[in-house]
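With chain A held as given, fit chains B, C and D onto it using these hints.
Residue numbers (my numbering), protein chains in the order written: chain A, 4 to 365; chain B, 4 to 365; chain C, 4 to 365; chain D, 4 to 365.
Since the hints were made in silico from the structure, they are not lab data.
One or more hints might be untrue.
As the list claims (entries may be wrong) - The list that follows gives simulated cross-link-like pairs (lysine-lysine, DSBU-like), each with its CA atoms no further than 30 Å apart:
hint, chain 1, residue 1, chain 2, residue 2
1, A, Lys365, B, Lys328
2, C, Lys365, C, Lys203
3, B, Lys328, B, Lys203
4, D, Lys365, C, Lys365
5, B, Lys365, A, Lys328
6, C, Lys328, D, Lys203
Claimed, not checked - Looking from chain A toward chain B, a few residues come up when the C-beta cut is under 10 Å (computed):
hint, residue
7, Ile187
8, Gln190
9, Pro306
10, Ala323
Ideal Cβ positions, reconstructed from N, Cα and C, are used throughout, including at glycine.
There are 4 protein chains.
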Amino acid sequence: MSSTFGDNLKLSIFGQSHGPGIGMVLDGIPAGLAVDLPQLQRFLDRRAPGQGAYATARHEADTPEFLSGILDGFTCGAPIAALIRNTDTRSGDYANLADCPRPGHGDYTAQVKYGGFQDAAGGGHFSGRLTAPVCIAGGLCLQWLAFSGIRIGAHILDIAGLADEPFDPVSPALSRVSPDFPVISSQAGAQMQSRIADAKRDGDSVGGIIQCAVTGLPAGIGEPMFGGVEGHLSRILFGIPAVKGVEFGSGFTAAHMTGSQHNDPFTMEDGQVRTVTNHAGGILGGITDGMPVIFQVAVKPTPSISQPQQSVSLRQGCSAPLQVKGRHDACIVPRAVPVVEAAAAIAIMDLILGNTQTTRRK
Amino acid sequence: MSSTFGDNLKLSIFGQSHGPGIGMVLDGIPAGLAVDLPQLQRFLDRRAPGQGAYATARHEADTPEFLSGILDGFTCGAPIAALIRNTDTRSGDYANLADCPRPGHGDYTAQVKYGGFQDAAGGGHFSGRLTAPVCIAGGLCLQWLAFSGIRIGAHILDIAGLADEPFDPVSPALSRVSPDFPVISSQAGAQMQSRIADAKRDGDSVGGIIQCAVTGLPAGIGEPMFGGVEGHLSRILFGIPAVKGVEFGSGFTAAHMTGSQHNDPFTMEDGQVRTVTNHAGGILGGITDGMPVIFQVAVKPTPSISQPQQSVSLRQGCSAPLQVKGRHDACIVPRAVPVVEAAAAIAIMDLILGNTQTTRRK
Amino acid sequence: MSSTFGDNLKLSIFGQSHGPGIGMVLDGIPAGLAVDLPQLQRFLDRRAPGQGAYATARHEADTPEFLSGILDGFTCGAPIAALIRNTDTRSGDYANLADCPRPGHGDYTAQVKYGGFQDAAGGGHFSGRLTAPVCIAGGLCLQWLAFSGIRIGAHILDIAGLADEPFDPVSPALSRVSPDFPVISSQAGAQMQSRIADAKRDGDSVGGIIQCAVTGLPAGIGEPMFGGVEGHLSRILFGIPAVKGVEFGSGFTAAHMTGSQHNDPFTMEDGQVRTVTNHAGGILGGITDGMPVIFQVAVKPTPSISQPQQSVSLRQGCSAPLQVKGRHDACIVPRAVPVVEAAAAIAIMDLILGNTQTTRRK
Amino acid sequence: MSSTFGDNLKLSIFGQSHGPGIGMVLDGIPAGLAVDLPQLQRFLDRRAPGQGAYATARHEADTPEFLSGILDGFTCGAPIAALIRNTDTRSGDYANLADCPRPGHGDYTAQVKYGGFQDAAGGGHFSGRLTAPVCIAGGLCLQWLAFSGIRIGAHILDIAGLADEPFDPVSPALSRVSPDFPVISSQAGAQMQSRIADAKRDGDSVGGIIQCAVTGLPAGIGEPMFGGVEGHLSRILFGIPAVKGVEFGSGFTAAHMTGSQHNDPFTMEDGQVRTVTNHAGGILGGITDGMPVIFQVAVKPTPSISQPQQSVSLRQGCSAPLQVKGRHDACIVPRAVPVVEAAAAIAIMDLILGNTQTTRRK
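With the rest of the complex left out, here is chain A (with noise of 0.2 Å):
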């Protein structure tokens, strides 16, 4: 439970967001993996902060040190253990928020969780920070899924009622979303930047939507019921902050639908079992049909908003005005991509790694 992760390959990841520093461990990743550092860190850049008018002003490198588990280019199979210092960090920010907890935030709720012992300095174990080791450890498992022929990619689907071009579930072309802002379609990109734009301006923050293909997932992946893919990835994808909904292929638009409408027809394709539909995305049973995986993730408004707000004060018990300070996204929906990625690769490789083996066939 809490920070960690998997059942066969087992994540563990620490740090406060103005502590000494954040990482993680990685256990159970197979010995003999190539890998390609500047690839990771080129991964981890996609997520760092300060990287256009829509993100927060704070800077940091964001490159981990491996401290364990990578011998001359390969993995080891010792546990890989990653560390990120922290070394932009202005926790006088925010000496008010034990007292006075910023709507939307963890803060009281660690408050009465920890007894007052919480790390509150930037939202402490809770911040968003905290993604950097999850895509440390997703990298890692991009570059082994690569390995097998799968692969991960997701966009922004909508911000703020702005919709980009949605994948085509049956063949989702992940190539086609741009590598500056996570978009298929330029012009939706263009609109989006625009209206996060205008949130900062205001003082306000905007929410939004991520969607997620995986390709090459063989059939057979996931376990009935509780191991079920839809379950697993969806326990990992809410362990990123400001996530409040997954649904997967047609989702909550199923519930609008017909099964004849729903239902996707089998077919044969080259030998090979298809579906000609892909509204369930790619699941069935909870196990992977061969079709591509494709979920959505809805990501709430940013809470840190620089406008006035109602809060309370936990020492006087009475209401309280608040106003948060400090440097903070209009819209983290940019930079949660590569994390959903991230933790998709994650949960799928762990599944992988457990498939329950059939003894022999009929």
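Coordinates of chains B, C and D only, in the frame set by chain A:
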């Protein structure tokens, strides 16, 4: 993984739709809980088949036999095992499915995963019938939670676009849900039932959305990151067949809101911290904030429809038409309502039992 | 925790000695295993009560009913559930135990832990009878392991200081163990049986040591540190009632050896790496080295003896004499032999299913 | 699995003997524990190398840097991460080991498991050096346990047949263990040190037995069957390199006792249930009975000896002589004493945090 769930309360589900029996083992329930068996049976009856025009014609009592764990009306600390015998089965209806999988069902993925050895009759272990033992476990957890003043209630929020009145997220009136057809607005309920009857007549099916509320939960339940309430609940909820989406509070709607709209202002009420609105669904940073936990679950339309569909013959490696026989619900949403309550009860009780206690308060 | 075991193969045990029934759910066994039920029954019969002068007079068939997971003679991939009904019970023998706990038994600790709600009859969930479902699970695992050439056999190494011939640790001849009384030396067996009869006559009991060998295991099974073969095996072995010690290879004897005596020299045999001796018990660094895995298990004397003993009255808070009635084995070691084999089979199969695969070789 | 341990308190160990650093993440430790860092350092110093004639000549400060989880001297509820940099390494000593494995070491099994990619230097992740982070975690747990009056102490019971005075199992005097060389009898200690010096001079090594006592534990801790105290403790104890046996109370000696000798009579003492003797080692039915928990751990002689040994050349596929170089302890038992205490503290605290609470008492 697979058909087990829980970190502190350990649930193991067994059985196939048309095998000798289905059941569950629930390990970790504390000793000394007075078990109200008639109340449990009434809870199970809400899920049972054969309850009206919208449900399958299959009739089974679904009365569990308790094999262990209950002594003289109280839990005794040992694992609780319960068995429901399968009595009314017609496995002949399903003879063809191993070759010609039903679209939208787990027939094909089971065939790939289990190499032809799976029990295909009635969906085998993937059958919705396996939600009966989930309800036994959940019904026991509901009784344990009720002793601490925690209540869980769900209703149909939407079927095929026909919407019920939603719960007031700040103060959900669980008692307003009708015991007959689980909606708040009887008018909406009548429309839904009519829509289901239409689908049945057309040999089709419809999906829907279930909304669930948990009241009486203290603040501070749940762990950060991957141990959060959202992730834990979603893992078990996606274990319910046909669930394709889970969202908390405003969920996907949050993607279209600004931070100033979505953030729930804190206030003091009778010396207690409360929020004025509840867009967060009672969860901040993965941890309960003392407000009702509210979530929605998307249920896809029943894949078993009697209209002709396109499938494949796995043996012959070519397309093949399919007409599904057997008795099927034109909409499983009404029967899934208590299953959602049961699943939520199991996950919440598991979180409470494993809740990290603060050593002391500052 | 508690009555569940396994990371990949998940075992859940249920039942009380004198409740309606006992049984198990085994989740994660791969599909396609041909189950030889008569062979399984012969394995269970080795543990069954009523098998000679040394065993309890309680007679029960202990034939499991399989409720799920087996179809047409093969595992179908779904969890396997099995139930044994309790038929021959005499709960009146145990009426006094909740007040006056038996020395050496779990009566008192159960009373403290479960607050008086525990099922005290016959030891309830703590009874040695609960090893019957362990043997069902283990018997299935033994059949799965046999397909890969892995065999597990145990014998009584010592009862009350009377020693059997030990296994040759380099090449243990499992077939030399007698099917009647599980020893290699029939002379030692006769002495042991005589010693047990003496104890029975005296209203007393004796303990012993079981030695177990696993042959055919490839090198490389097990994980470093807490995932090692020794730790995994010991966890399940200590789950067998009355087990108080577990050692691998030379075990406690190694404490009296020098490194030059204890280190097993490597050698090449038919192109295979082998060791000349096997003080390590087939495990180096927690991981199998390809030699037989050998371990010993200490079993305490049965605590249920008919001699008068000193106990306390919990209700009155004072010392109280106790005379235990009922039918009890004067030595459970012979019946524990197949239980040790079963437990080892479950742990070994779990390790094999979860074995981390190297991505490639240098 | 692998290098992680714990159900409620989650420990993850990382590092290789000669990599950049070693360390641990401990997730689940409650907030509000005052951490006494000087006391922790004194505990770590007991395990540190370079402490006398019997230990390795490798000198390292082994002072951990805490990266997270501690704020202003108190645990803050977030995972605690600690790092020890490796400074004094001589990897050249180990260049040959990948081809020519050391008898009694994990070199060969690591080679098989990790396909040649493992970090062979100094045993890599299998090195005894990895017990330093176990001691960091255990040292923190010891401080948490001490707040509830629970104390853990160990001593050398035996080295090469030279025996220390054992703990009184009913009332072990932990304070009688010498802080310099961890024995009760200074005469036995002198003999042991002399025996170790002899082994060192001979280029050989010796093994031994460690006895550990846990006092102050309330009755009722632990779960039945596989969740028992013995199984949980043994799993972590076998994770300590060189441990080959674990026994509780009378352990293997119980095999030579009768029930009337072994059963511990109950008695009342100041209104408390106690046992007159403690052959059970404080555990009945897997659950603590309120008496001290006593156990012994067998430690094999250090496999690294400088005498010539027989090994194989894996590359050439033939026998090959081996002379191990490098600095090694002629006996690791003294340094393993605090490691056993640390491991016990972690397992006991994990059990306490996960202890099932009875809903109420009859």
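Hints and how they fare:
1. Taken as a hint, the Lys365 (chain A) and Lys328 (chain B) pair is honoured in the structure, with Cα atoms around 25 Å apart against an allowance of 30 Å.
2. Among the hinted pairs, Lys365 (chain C) with Lys203 (chain C) is inconsistent with the structure: their alpha-carbon atoms are about 61 Å apart, more than 30 Å.
3. Restraint check for Lys328 (chain B) and Lys203 (chain B): the C-alpha separation of about 13 Å stays at or below 30 Å, so the hint holds.
4. Between Lys365 (chain D) and Lys365 (chain C), the direct Cα distance comes to roughly 64 Å. Violation of the 30 Å bound is thereby established for this hinted pair.
5. Between Lys365 (chain B) and Lys328 (chain A) the CA atoms are separated by roughly 25 Å; this keeps the pair inside 30 Å, and the hint holds.
6. Of the supplied pair hints, the one linking Lys328 (chain C) and Lys203 (chain D) is violated, its CA atoms being roughly 58 Å apart against a limit of 30 Å.
7. The beta carbon of Ile187 (chain A) comes no nearer than 17 Å to any beta carbon in chain B, farther than 10 Å, and the hint placing it at the interface is violated.
8. Hint status for Gln190 (chain A) relative to chain B: violated, with the closest Cβ pair at about 19 Å, above 10 Å.
9. Because the smallest distance between the Cβ of Pro306 (chain A) and any Cβ of chain B comes to about 5 Å, under 10 Å, the interface hint for this residue holds.
10. A hinted interface residue such as Ala323 (chain A) counts as satisfied when its beta carbon comes closer than 10 Å to some beta carbon of chain B; here the least separation is about 9 Å, so the hint holds.
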